[in-house]
Amino acid sequence: EERRYFLRRGVRGPFFCSSCHKVDKKGHVVLEKLHTGTYTETDRATSIDRMSLECIECHIASLNVPTASLGAGIWNHESREMNHPIGIYHERISAQKMRYYRPSSMLPKEIRLFNGKIGCGTCHNVYSKEPFMLVLNNFKSRLCLECHIK
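Mind the numbering: the sequence shown is residues 79 to 228 in the working numbering, read in order.
By construction, these hints were calculated from the structure, which means they are not laboratory data. Incorrect hints may appear among the rest.
[Claimed, not checked] Result set (BS3-like, lysine-lysine): computed pairs, CA atoms no more than 25 Å apart in a straight line:
1. Lys207 - Lys175
2. Lys228 - Lys187
3. Lys218 - Lys175
[What the hints assert, rightly or not] Derived Cβ-Cβ restraints for the label pairs, each shown as a range:
4. Gly149 - Ser182: 18 to 24 Å
5. Ile227 - Val204: 24 to 30 Å
6. Phe217 - Tyr178: 32 to 38 Å
7. Glu156 - Met176: 30 to 36 Å
8. Glu169 - Leu223: 25 to 31 Å
9. Ser147 - Leu214: 27 to 33 Å
10. Ala123 - Asn215: 31 to 37 Å
11. Leu191 - Asn216: 25 to 31 Å
Every residue, glycine too, gets a C-beta built ideally from N, C-alpha and C.
Assemble the whole structure, with the sequences as input and the hints as a guide.
Next comes the structure, spelled out in structure tokens:
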């Protein structure tokens, strides 16, 4: 069996998380403050990648809809000072707003796209040694500035 994302167990979603975290009566993983955030769906017609669906499923304990039905939207990190779109085509937005975004061809290999779309795994890697599991150190906004032109 293929183990996507280097997960060390053959189960996915809440079953994977519950191997380390407790699960509440609704079947949601009991999370630490670090894990909180909100997701606002903005485009139901555009899908998001499976990894992002699994991240959202675990990171939003109050989610009452099946994650498989979520479309593209905005992830609001717990601090509310930080949000990011999920499920949008990076190349399309970088072509439309060339003064603001670098094309995919200029991004370092650590920054992954999922069928051309931005997902949780674009900025985060569960095996990263960087704070907040970022794919690159974000000192002086380095990670952000790999995509965003300021």
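ask   = Looking back at the hints listed earlier, which ones does the structure fail to meet?
value = Result: hints 1, 6, 8, 11 break, sorted rising.
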